[in-house]
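Enquirer: The listed protein sequences derive, respectively, from chains A and B.
Using this note's numbering, read the first sequence as starting at -18 and increasing by one per residue.
Using this note's numbering, read the second sequence as starting at 981 and increasing by one per residue.
Accuracy of the hints is not assured; some may be wrong.
Said to hold, decoys possible - One-sided and incomplete, this derived list gives chain B residues near chain A with beta-carbon spacing under 10 Å:
id : residue
1  : V1016
2  : G1352
3  : A1503
Said to hold, decoys possible - Quick look at which bits of chain A chain B covers, simulated, 3 or more residues with Cβ under 8 Å:
id : stretch
4  : 2 to 13
5  : 172 to 183
6  : 269 to 277
7  : 287 to 294
Said to hold, decoys possible - Derived CB-CB ranges, DEER-like:
id : chain 1 : residue 1 : chain 2 : residue 2 : range
8  : B       : P1489     : A       : T265      : 37 to 45 Å
9  : A       : W47       : B       : I1046     : 55 to 63 Å
10 : B       : V1580     : A       : R29       : 42 to 50 Å
Read the hints as simulated data drawn from the structure, not as lab findings.
Think of the CB as a built atom: it goes at the ideal place given N, C-alpha and C, for glycine as much as any other residue.
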Amino acid sequence: MALIYDALVQSAQLALVLALAPLLTGYIRKIKAQLLRRRGPPLLQPYRDLLKLIRKEAVLAENASWIFRTAPYLIFATTLTAAALVPTFATGLVFSSAADLIAIVALLGTARFALALAGLDVGTSFGGIGASREMMIASLAEPAMLMIVFTLSLLAGSTQLSSVAAFVQGPEVGLRVSLAMALVALVIVAIAENARIPVDNPATHLELTMVHEAMILEYSGRHLAVIEAAASLKLLLYFSLIGCMFTPWGLATAGAGFVAYAIGAVSYVAKLAAGGFLLAVFETATAKMRVFRVSDFLGAALMLGLLGALLLFVSQSA
Amino acid sequence: MALTVLLSCVAVLLGTSALAVAAARRSVTTVFVYSVALLVGAAALAAAGAFLVTVAESAETMKLPIGLPWLGAHFRLDALSALFLVVINLGSFTSSLYGLGYGRHEPSPGRVLPFFPAFLAGMNLVVLANDAFTFLLTWEFMSLTSWALVMAHHREHGNAKAAYIYLVMASFGTLALLLAFGLLAGPDGGYAFDAMRSAAPSPGLSAAVLALVLIGAGSKAGLVPLHVWLPLAHPAAPSHVSALMSGVMTKVAVYGFVRIVFDLLGPPQWWWGAVVLMLGGISAVLGVLYALMQHDLKRLLAYHTVENIGIIFIGLGLALAFQGNAMRTAAALALTAALFHVFNHSVFKSLLFFGAGAVLGATGERDMERLGGLIHRMPLTAIAFLAGSTAISALPPFNGFVSEWLTFQAILLSPQLPQWLLKFLVPAVGAMLALSAALAAGCFVKAFGATFLGRARSSVTQSAQETDAYSLAAMFILVLLCLIAGILPGYFIDALAPVTRQLLDAQLPLQAQLKWLTIVPIAADRSSYNGLLLFVLVATAGWFGAYVIHRWASHALRRSAAWDCGFPDASPATQYTAGSFAQPIRRVFGTLVFRAREQVYMPAPGQTQPAQFHLSMRDLVWDYLYAPVEGVVGFVADHLNKVQSWTIRAYLSLVFSSVVLLLMVLAVWH
C-alpha cells in the first residue's frame, strides 16, 4: 500500500514537471518582456508553440542519419528521467535510490552528448560551431557542478538529494561560507547549462556567438518540439535543484499527509515564480559575453566550487 | 587445477607461435593461429573466471624445474592474478575473433602471426609468475613480442622510430623493476615472492622500491611523464594488437604495480598514496588534453589510455592513503573502483580500437580530417563505436560511469584522513577527475563526429564497406559487456570482493542481494546507484516521448538540402573538422599546457593570396624532460666514442687504474 502511495507521489511529480516546464519558460519570457516595457507573448505561448510544431511537417537534411532522428527522444528521455529524480514538492521519491546527484549530473551529460552529436550529424558549419562550443562550456561547467556536489555532500554526508535536503532543513546547518560559494557557483553553472544570457542567448539564432540554438538549427517539426520540451524541462530541473538543495523549506517528506504535499506544491510554485523573476531581471540587466570570456566566467564557478569543497575538507577532521 | 589449465593454455600458445614461424607464408596459418588463440583464450577465460567466483580464497601454486637452477620457476594463481587473467583472456578472446576477419587483410602475416600468440602467452605468464626471475623474464618477453608487433609495418612512416622509443622505454622500465626486486629480495637473495612477502623492508627501502616500481610499471602503463612512447607505439601496431596493447598490456603493468605495492611491500605509508594520487590526477588531465589535440584516430585512443590509467591510479592512490591510515572499508572501496575501471577500460578500449581498425580497413585512413559520414556506409561499426565512446566518456547507463562514480564516492570519504597534504590534495584530484571526464566526453564527440557523422571530407570514404562478420561479432560482444557491466554492476563489484579481501583484508558489502540490484557502496542514505532502474526509466521515458509524438504528431517528413541558416554550402570543407572542433578547448587549456600559438594571416581586401593559419604547439614533457636527457646521452656518447680509438697502452692503463680504484674502495669499505 505504501509502495502504491509512493508511486502516486512519484507520478504526480512527473506530471507536475512535464506540465510546468513550458509554463516556466513562458513566465520568464513574459517577465523579460515586461521589464523591457513590451507586452510579451501570453504565458501559455510555449504550449501553443509545441502544439504547432508537432502538427508541422518535419524537414530532414539529405544526409541526416538515424542519430539526428533519435537524438531528440534520447535527450528528452534522459532529461525527463533526471527531472523526475530531483525532488520538487516532496522528498523520498520511489526512484530516488536509482541515482544520486552525481548520476543526475551524468544523465544530463548523456543528453548533452547526444545533442552535440546531432549538431555534427548534418555536417554544416553552424552545427559544428554549436557542438564545439557546447563541449567547451561543458568541460568547465561539469567539473564545477561536481565540485558543488562535493561541497553539499560533504556537509550532508551523502550524495542523495533527499538527504541533502533533509540536512539543509535541519538545525545544524547554520550559515556557512562553503554553502554560499556553492550557491553562487551553482547559479553560474545553471545559467551556462541552460544557454541563458550572458553565456548564450535563448532568444535568437542570428548571432555568431550562439551555442545551443546553433546545434538545433537543422531541426524542425516534431523533432524540434521534443528538443524544445527537453530544454524547458532542463531549465525547470535546475530551478528544482537549487530549490531542493538551498531552499528546501516547505518540502514534504516521504509519507507525509496530503496537507504537507499541498504545502510543498504551493511553496514549489512560489519558488519557481521567485527564481524565474530573478533570472529574468538578471538576464535583462546583463549583456551577452564574448564566447572566450565564458571560460573565465565558468572558471570562477569551478574555483568557487573547489574552494568550497576544500574549506570543508580542511575544516572536517576525524 | 585451474593453474594447470592456464599453464597448458600458455604452452599451446607458445607452440602455436613456433608453428606459425614455420608456416608463416601459408594462407591457412592466419585462420589457424587466430582460431587456436580464440579457443585458448576462451578456455583460459573460463578457468580464471571460475576460479575468481568460486575458490578465490585459496591460492594454487606450482614450481616447475626451469629457469634458474637454485630457484626454479614459481607460479601462483590467487584472486588478484585471476582477476587480471580474466581481463587478459577476455582481450585475447575478442582480439583473436577480430583477427579472424581483420588478419586476412594483413600484407605481411609473417611479421604478425608468430608474435601474436607469444605476446598473449607472455602476458598470461607475467600475471602467474611467483618469483622475481620469472616475473622479469616474462615481463621482458611480453615487451619484446609486443615490440616485434609494433615493428610489423616497419616501412610505414614513423613506425620504426616509435618502436625504437618503445624499446628504450621498455628496457628502462624493466631495469627499474629489476632494481626494485633486488631491493625487495635483500642481501640473502630471496627472489621468490613468498620470501618477499614475509620480509619487512625498512621505510627508506620501501620508499625506494615504490619509486622504482612507479618508474617500471608506470612507464609500461603510460603514467605521465613516462607516457611518451605509448601514443607512438600503440597506434603503429595492427589494430587488434593496438587493442591488446592499450586495453590489456597496460593492465598487466597495473597488475605489476598492485602486486608489488599492495602485496609484497608490506603495510603502506600514507604519503605513498599522495604520490600516486598526484601522478594519477596529472595523467588523467594531461592524457585527455593531449587526446583532444590529435587528429589521428588511433593516436587519440592511445592518449585516452594515458587518461584512463590516470583514473585507475587515482583509485589506487586513494586506496593506499586509506590503507596507510587503517581505514580498511574506504580502502576497499577505492581499490574496487580502480579494479573495476581496469576491467571496464580494457573492454571499451578494445572495442574502440576494433572500431578504429574497421575504419582503417575500410578506408585505409586514420586521419579524421579525411574521414566523415561513415555512419551511412558502416552503420554497425558506427553503433559499436558510439557505444564505446559513450562508455569511455563515463556516461550512464554504460560501465565507465559506474567505476568513476565509485571513485568519486571514495574521494568523498577522504575528509576523515588526518594528514593535511591529503586534505588539500584529494579535492584537487577530484576536480581533475571531473575535468578529465568532461573533456573525455568532448573528445569523443569530436572523434565520433569527425569520423562517422557529417559529410565525407575526402574520397577515401567513397568505397568504404561495412566490416566483416568476425570483427562485428567481436565488437558487439564488447558492446554487450559495456552495457551489462553498466546496468548490473553489483555482480562485477561482488566478483572483486576476493581481491580486496586478499590485499586489504576488507571488502565492500555484497551488492547482488540488495533490493532491485541497487549498488550501495557504504550506506543507503549516503549514496546509491541503480543502473538497471535508470536504464529502464530512460527507456520508458523515451518510449513515452516517441509514443506521444507518433500518436498525435504529424507523420509528414521531407528530405531536403540542409538549412544552415539559409546559406548551405555544397563543399564538405565548410563543415567543422576535428581540429576546429577542438579549437575552443585548445584556446582555453592549450595556451597554458601546450603553449599553443595561433597565427592568422588575412590578405587585405582585393588581394588574391590565400589566407593562412598557422598553429604551433609544444609538448612540454618532451621539451623539458626528454630532450635534455637525450642531449646528455648524445653528448656523453660522442665523447666516449673517442675511447674506441685509444692505443693498447691507454686501454691497459685504464684497466689497471680501474682495478686499483676498486681495490681502494673495497679497502675503505671494510
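Enquirer: Against each hint, give a clear statement of whether it holds in the structure.
Expert: Status of the hints after comparison with the structure:
no.: 1; hint: V1016; in the structure: 39 Å, violated
no.: 2; hint: G1352; in the structure: 7 Å, holds
no.: 3; hint: A1503; in the structure: 8 Å, holds
no.: 4; hint: 2 to 13; in the structure: violated (count 0)
no.: 5; hint: 172 to 183; in the structure: violated (count 0)
no.: 6; hint: 269 to 277; in the structure: holds (count 3)
no.: 7; hint: 287 to 294; in the structure: holds (count 5)
no.: 8; hint: B:P1489 with A:T265: 37 to 45 Å; in the structure: 52 Å, violated
no.: 9; hint: A:W47 with B:I1046: 55 to 63 Å; in the structure: 56 Å, holds
no.: 10; hint: B:V1580 with A:R29: 42 to 50 Å; in the structure: 46 Å, holds
Against the hints set out earlier in the document, violations occur for numbers 1, 4, 5 and 8.
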